[in-house]
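Student: With these hints in hand, go ahead and build the complete structure from the sequences.
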Amino acid sequence: MNVLKMEVLESDFGPDVAIWRIEGELDASSIKAINQHFNKILEGSRFHAIAEMSKVTHISSAAVGELMGCRQMLAERGGDLVFVGLNLDLKTKLNHLGAIKIFKFHNDLRTAINQYAWETHLKPEKVWLSFPSELNLVPPVRQLVSQIARQKGYGERDSFRIETIVDEVCNNAVEHGIPDKLRDIELFLKIDRKKIEIEVVNLSDPKKLNSLKAISKSILGTNEKKLERGRGLSLIKMLSNDLAIDFSGKGTTVHVTKLRED
Amino acid sequence: MESQIELEYEDIKGWTSAKMVRFIGDLDATNVETVLERICTLFKDGFINIVADFSKLRYVNSTGLGILLHFSKSAKEKGGSFKIANVNENVYEIIEIIGATSLLEIYDDVNEAVAALK
Chain A
1 MNVLKMEVLE SDFGPDVAIW RIEGELDASS IKAINQHFNK ILEGSRFHAI
51 AEMSKVTHIS SAAVGELMGC RQMLAERGGD LVFVGLNLDL KTKLNHLGAI
101 KIFKFHNDLR TAINQYAWET HLKPEKVWLS FPSELNLVPP VRQLVSQIAR
151 QKGYGERDSF RIETIVDEVC NNAVEHGIPD KLRDIELFLK IDRKKIEIEV
201 VNLSDPKKLN SLKAISKSIL GTNEKKLERG RGLSLIKMLS NDLAIDFSGK
251 GTTVHVTKLR ED
Chain B
1001 MESQIELEYE DIKGWTSAKM VRFIGDLDAT NVETVLERIC TLFKDGFINI
1051 VADFSKLRYV NSTGLGILLH FSKSAKEKGG SFKIANVNEN VYEIIEIIGA
1101 TSLLEIYDDV NEAVAALK
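So the sequence lines, in the order shown, correspond to chains A and B.
Per the working numbering, the first sequence runs over residues 1 to 262.
Per the working numbering, the second sequence runs over residues 1001 to 1118.
Quick caveat, the hints were computed from the structure, so don't treat them as lab data.
Predicted, not measured: the structure shown is a model, and the values here were computed from it.
Worth double-checking, as some hints may not be accurate.
Said to hold, decoys possible - Pairs of lysine to any residue, SDA-like flavour, derived with a Cα cap of 25 Å:
#1 K195(A) <-> L259(A)
#2 K194(A) <-> E1089(B)
#3 K1056(B) <-> R150(A)
#4 K126(A) <-> V174(A)
#5 K152(A) <-> L203(A)
#6 K237(A) <-> T1041(B)
#7 K237(A) <-> L1117(B)
#8 K1118(B) <-> G1046(B)
#9 K195(A) <-> E1089(B)
#10 K1056(B) <-> L259(A)
#11 K237(A) <-> I1067(B)
#12 K1118(B) <-> R1058(B)
#13 K40(A) <-> V64(A)
#14 K237(A) <-> G1046(B)
#15 K40(A) <-> D89(A)
#16 K194(A) <-> E1093(B)
#17 K152(A) <-> D80(A)
#18 K237(A) <-> N1090(B)
#19 K237(A) <-> L1042(B)
What the hints assert, rightly or not - Some chain A residues judged to face chain B by a derived CB distance under 7 Å, without partners named:
#20 C70
#21 Q72
#22 L74
#23 P139
#24 D167
#25 N171
#26 L203
#27 R231
#28 G232
#29 M238
A virtual CB, placed ideally from N, CA and C, is assigned to each residue, including glycine.
Tutor: Right under this line is the structure:
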C-alpha cells in the first residue's frame, strides 16, 4: 500500500496558481486530507490549482467525487483544477467515471502552466521560421501555420483564413523578393487566445519595388480601384483586422493582425 | 513540391462539347500552370463547356482564382461556358472577397450547372 502524501506548493508562475503535489493512494479515507489541502489553496486566493499526480497509484470514485467538488468551487471563482502526470490506467479509470469531461489532463507541469498562462493571461506563443525564397515551400509553411492555429483552439474558418493570409503574404514575398542565399524569408508568429500576428520579412527587388508600392498604396489607401495585380494583398486586407507594409530598411516587412472570430 | 491537385474528367450525357471536371485538392500558385495546361487542352479538343465540380477542392488562393477567371473568359470567347458547382464555404468566401461572384457562374450542384448549359 502506498501511503498518501500531499503538499501545496507556492508557484513562481503567478500569485493565483497553486501546485498541489499528491502521491500514493486516493480513496475514501483521503477525503479529509483533500479538504485540508484544498482549503489552504482557497485561503491563499489561488484559484488555479495544478494537481501534480505522477506518483498517484490509485483513485477511488469517492476521491474523484471530492476532487470534482473542489474543481467546482474553483470554477465558481473563475479558476480551475487540472491534473498533471496521471498514468494511463488512472486516466482510463477516470474516463469510465466520466471525469475526463470535467478535468483537463496534462502530461507535464510545463504544459499545464503554459496552458494556464495562455488561457488566463493571454500569454502569446511565439514561432519564428525562415525558409528559402521558393514558391514550392509556401504551401507547407501556410499549412503549418494553419495547423498551429487549429492546435491552439482556433476554429476551422479562422484557421482557413489564417492559411490564406500566410499564403498570400509569402507568395508576395517570393514574387517581389530577391532570391538571396544569405537571407531567407522570415516569418514571425505571435498567437494568443484572442489574436494572431503574422510578420513576413523579405529583401525586396528594387526593380519591382515601385510597382509593389503603387499596388499597396492603392489597396491600403482610400483609392481602391480594382487591379488585375494585387488581388492577394486585397484578400489579406479583407481577411485581416490590420495590415501594415513597411518599405523602409533593406527589405519589405508585412505585418498582419487577425482577431479570433470562431 | 507542388500542392496536391488532381483533375478527374467525366463526360456529360447528351453533350459532345461539354466535360465535367472534378477538382481535388488545393489550387494555388504552385500548380496553376498544370491546371491551365490541362483545361486549355480540353478547350483545344473542342470541350468549350466545362462544369467544374469543386466538392473536393479544399483551398484556392488569389492566383488560383485568377486562373478560374481566365477559364471563364476563354470559354465565353469560344462560345461556351465555365460553370462551377459545389463550392465549399471557405472557397466561396475567397471568391466573394475578390468580387468574383458576378464574374463566375456558380451553381449549388453539378445537376444545376449541367441544366444551365446552352
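Student: Does each hint hold? Answer for all of them.
Tutor: Status of the hints after comparison with the structure:
Between the alpha carbons of K195(A) and L259(A) the distance comes to roughly 4 Å, so the proposed pair stays at or under 25 Å and holds. At most 25 Å may separate the alpha-carbon atoms for a hinted pair to count; K194(A) and E1089(B) meet this at roughly 23 Å. Restraint check: the Cα-Cα separation between K1056(B) and R150(A) comes to about 21 Å, which is no more than 25 Å; the hinted pair holds. With a CA separation close to 23 Å, the supplied pair K126(A) and V174(A) stays within the 25 Å bound.
Our distance criterion of 25 Å between C-alpha atoms is broken by K152(A) and L203(A), whose separation comes to about 31 Å. Of the supplied pair hints, the one linking K237(A) and T1041(B) is violated, its CA atoms being roughly 35 Å apart against a limit of 25 Å. Only pairs whose Cα atoms come within 25 Å are accepted, and K237(A) paired with L1117(B) is rejected, the gap being roughly 36 Å. The straight-line distance between the Cα atoms of K1118(B) and G1046(B) is roughly 15 Å, inside the 25 Å bound, and the hint therefore holds.
About 22 Å separates the Cα atoms of K195(A) and E1089(B), which keeps this hinted pair within 25 Å; it holds. Of the pairs offered as hints, the one joining K1056(B) and L259(A) is violated, with about 28 Å between alpha carbons and a cut-off of 25 Å exceeded. Taking the CA atoms of K237(A) and I1067(B), the gap is near 21 Å; set against the 25 Å cutoff, the hint holds. Between K1118(B) and R1058(B) the alpha-carbon distance is near 29 Å, which puts this suggested pair outside the 25 Å criterion.
A C-alpha spacing of about 19 Å is found between K40(A) and V64(A), which places the hinted pair at or below 25 Å, so the restraint holds. For the hint pairing K237(A) with G1046(B), the CA-to-CA distance comes to about 40 Å; that exceeds 25 Å, so the pair is violated. Taking the CA atoms of K40(A) and D89(A), the gap is about 29 Å. The hint is violated against a cut of 25 Å. A distance of roughly 22 Å separates the Cα atoms of K194(A) and E1093(B); the hinted pair therefore holds under the 25 Å criterion.
Between K152(A) and D80(A) the alpha-carbon distance is near 19 Å, which keeps this suggested pair within the 25 Å criterion. Distance restraint check for K237(A) and N1090(B): the Cα-Cα separation of roughly 16 Å lies within the 25 Å cut-off, and the hinted pair is therefore satisfied. The suggested pairing of K237(A) with L1042(B) is violated, with an alpha-carbon distance near 35 Å, which exceeds 25 Å. Given hint, C70(A) at the interface with chain B, is violated; its Cβ is 42 Å from that chain's nearest Cβ, farther than 7 Å.
For Q72(A), the interface hint is violated, the least distance from its beta-carbon to any beta-carbon of chain B being 38 Å, above 7 Å. Among the interface hints, the one on L74(A) is violated; its C-beta lies about 38 Å from the nearest C-beta in chain B, farther than the 7 Å criterion. The beta carbon of P139(A) comes within 5 Å of a beta carbon in chain B, closer than 7 Å, and the hint placing it at the interface holds. Here the hint on D167(A) is kept, as its CB sits about 5 Å from the closest CB of chain B, short of 7 Å.
The interface hint given for N171(A) is met, as the beta carbon of that residue sits about 5 Å from the closest beta carbon of chain B, less than 7 Å. Residue-level restraint check for L203(A) is violated (minimum Cβ-Cβ distance to chain B is 19 Å; threshold 7 Å). Given the 7 Å rule on beta carbons, the hint for R231(A) holds: about 4 Å separates it from the nearest Cβ of chain B. The interface hint given for G232(A) holds, since its Cβ lies 4 Å from the closest Cβ of chain B, which is under the 7 Å cut-off.
The criterion of a C-beta within 7 Å of any C-beta in chain B is met by M238(A), whose closest approach is roughly 5 Å, and the hint holds.
In this structure, the earlier hints numbered 5, 6, 7, 10, 12, 14, 15, 19, 20, 21, 22 and 26 are contradicted, and the remaining ones agree with it.
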